[in-house]
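Using the sequences and the accompanying hints, generate a full structural model.
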Amino acid sequence: MPRKLPRKDVVIIGLGWTGSILGYELAKAGLDVVAIERGPWRDTATDFPPASAQDELRYAVRLDLFLRPDQETLTFRNNASQTALPIRNFVSFLPGNGVGGAGVHWNGQTWRFLPTDFRLRSHLEERYGKDALPSDMTIQDWPLSYDDLEPYYDRFEKLCGTSGKAGNIRGIKQLGGNPFEGWRSSEYPTPPLKQGYGATLFAEAARKTGHNPFPQPASNLSEAYVNPLGIKLGQCTYCGFCERFGCGNYSKASPQTCVLPALLRFPNFTAQTESEVTKINLDSAGKRATGVTYVDTSGQEWEQPANIVLVCAFALFNVRLMLLSGIGKPYDAQAGQGVVGRNYAYQTTSSVGLILKDKVLNPFIATGSHGMMIDDYNGDNFDHSGLGFVGGGYMGFGQTNARPIQTRPVPAGTPKWGAQWKKATAETYQRACSLATHGSSYSYKDCYLDLDPTYTDRLGRPLMRMTFDFHENELKMSAFLTDRLAEIARTMDPVELVALPRKGPYTLTAYQTTHNTGGTVMGADPGTSVVNRYCQSWDVHNVFVPGGASVFPQNHGYNPTDTVGALAYWTADAIRDRYLRNPGPLV
Amino acid sequence: MRDGVFQARTSRRGLLSSSALVLLLGAGSASARIISDGLPWSPGTATPPVPVRPGPWLFFTAEEAALVEAAVDRLIPPDDRGPGARDAGCAVFIDRQLAGPYGRSAGLYMQPPFMPGAATQGYQMPDTPATRYRGGLKALADHVKAAFAGKSFAELSAPDQDKVLAGLESGSIALPGVGGAQFFALLLENTREGFFADPIYGGNRDMVGWKLIGFPGARYDYRDWVERHNEPYPLPPVSIMGRPEWEER
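For the protein sequence lines, the chains are E and V, in the order given. All residue numbers for the first sequence refer to my numbering, where the first residue is 1 and numbers rise by one. All residue numbers for the second sequence refer to my numbering, where the first residue is 1001 and numbers rise by one.
No wet-lab data here; the hints were simulated from the structure. There's no promise every hint is true.
Unchecked claim - Below, a list of computed lysine-lysine pairs in the DSSO-like style, where the Cα atoms sit at most 27 Å apart:
| # | chain 1 | residue 1 | chain 2 | residue 2 |
| --- | --- | --- | --- | --- |
| 1 | V | K1163 | V | K1145 |
| 2 | E | K173 | E | K208 |
| 3 | V | K1211 | E | K357 |
| 4 | E | K416 | V | K1145 |
| 5 | E | K357 | E | K194 |
| 6 | V | K1138 | E | K416 |
| 7 | E | K476 | E | K503 |
| 8 | E | K416 | V | K1211 |
| 9 | E | K423 | V | K1145 |
| 10 | V | K1163 | E | K423 |
| 11 | V | K1163 | E | K416 |
| 12 | E | K208 | E | K194 |
Written out as structure tokens, the structure is:
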């Protein structure tokens, strides 16, 4: 039997970016808040100090900071005709674990979605006609506009101290920034990072071919910065141990470096770690959450009553918790009905590998988010008439590291071992680089999440089942983007160029990205969304899913974190300014 | 809701010590952590990796170790650029990895049923790396014994060793019950890990893997070199434990 704890105003499930932002805003408003996190407490000095953080085997290969599949995993199949099997070892995507969540191990690439992304279906149908979209594509407009979200993007970027160059300040184009981006109310908080040789060569090539390169927006900071919470971040040192690592240098924005020191000062906030929420509890009518049940590492169950429940885990696990708690109608792909688990989407990435002549690139001097990018082929920034697909992505040079267990390019046709391999490895390392495209992944009727009929977690609860494959629209988009990138790259005079557009089927066996989106999507219609425009459950009004990427109706050609952070602030304001005064449905 | 704040504050101050780390309700075992009243920190609580100790094999038998040392030295052979995988310590690296959590698939999802799936669904076998090495090395030793008149792999000439490895890689040497190509892929992956991982794990001795390609290792600050385009980085590599010559002083 669960033991019952004293009631709290707010219980937060998961203490990553959204949990720490909501925790701060609501504790500051005077509410009594507890955040329950299933992983360990983690902080810079104790868990990734610069004395030992640069350990590729431990963090990038053995995945020390990530969720262990024996705690929770998913099952996977490409389509409904297959039997889903468990992901026994995470490879294709790597969910985080512990305090800070994915905010610890991310790269810091901090992109806003385009204004047209927020009204995607309406925009595409207006421009290309209603028949332009495949009939099984289930993209939909967001229930809020870019203009609604702009102030919140601004807040999240100021929290992080994001480094970059604006391309559009209140409608006025800015030289050197991204000319395609939506308007910004202000310049980036810190100037762009310095660029290495590879990025500079790409930018020259992009300019020469008529494109518009700009520095990638980075939450690895170009200079020391004090954020609005009074917390100081340090200057990035370009060490090249970013994604999959915690930053030992206080240079990468994370809950640890941007929120927690201020949040933990509130006497009315408590974090509780190594405690896994197993269920959101509902009243007998199923209309109101009464709190959560969690289990500690000894197996003891506890009930934490609360007035408001905030679902702030990683996107995939938000969806599973809603399914296990019976909040919202589960999606049925056959019938095309129900909403929880609907519109799972991903990201369609590809690369162009280059070996240059007589160049010294020092590819290990890197950060997770430096580099030069172009946005000419993202979203609807280019005319799709006659191309046979919709969507797009940014592209460019953004190589994040050259850590040698995993990054060791050789010319095509080189044997995988032996004397020739050794020679080629030694001769290629300094002059090879990889360019990348980062493309959209639109949602489809047959890409979804539900509960697995066979496999369970260590507590006996069903694992979530992912059914996903790339569709023709995305593969055509990737081929087009990769061709454009290769055209630019050819002007860099490579000795060798290998273009690798994304091909189907989607496979778990190679890392692609951890941008898993959808499943509890936000919308204006309860028939096609789980939460309303304030990330509030349509069915249970005191449950919010404040901005995890699970609320994205589809995924766009950018990294999700900036939008996740902006939606967290947006939801915090809605709860504080509106919900507390009159608890009930906000829409 | 204000009242709740003050109540919580009073009760916590009354119950808990000033230390920020307290076991949940004194349950007797470390079953959860409550963190409040500031960031928890105390000296000496970081978790650096533990360097492997030289000495006897922890996982391999002497025969297995001889085979692995000979095989890894063909995968990454010594040449005029530097030592091969044997002298770099790759067999020691693999031995220590197999004796540790990696060897027993710690943390992976190991619940049945185990069923073969599509290639896109990833590794679906119940065998751990330790099991695969034990079976694979035995099957390989048996194969060599039968094919080369009772000799062991280590006793073969380098060209014959290469022929055997190429046969495994291509699948023409099947290794019944183990899967020759799968075992070869695992051995190659672990050998490369050992050659390029930090020396604290037993391989990459004297940072030979990093010197081979020009990777400066566990350095933490390249600010003065980011914009020195097309100039080789001048400093030698460094490990998490420093450089050997630092200790000789």
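- Compare the structure with the hints numbered earlier in the document and write down the numbers of the violated ones, lowest to highest. Number 9 - this is the single hint that the structure violates.
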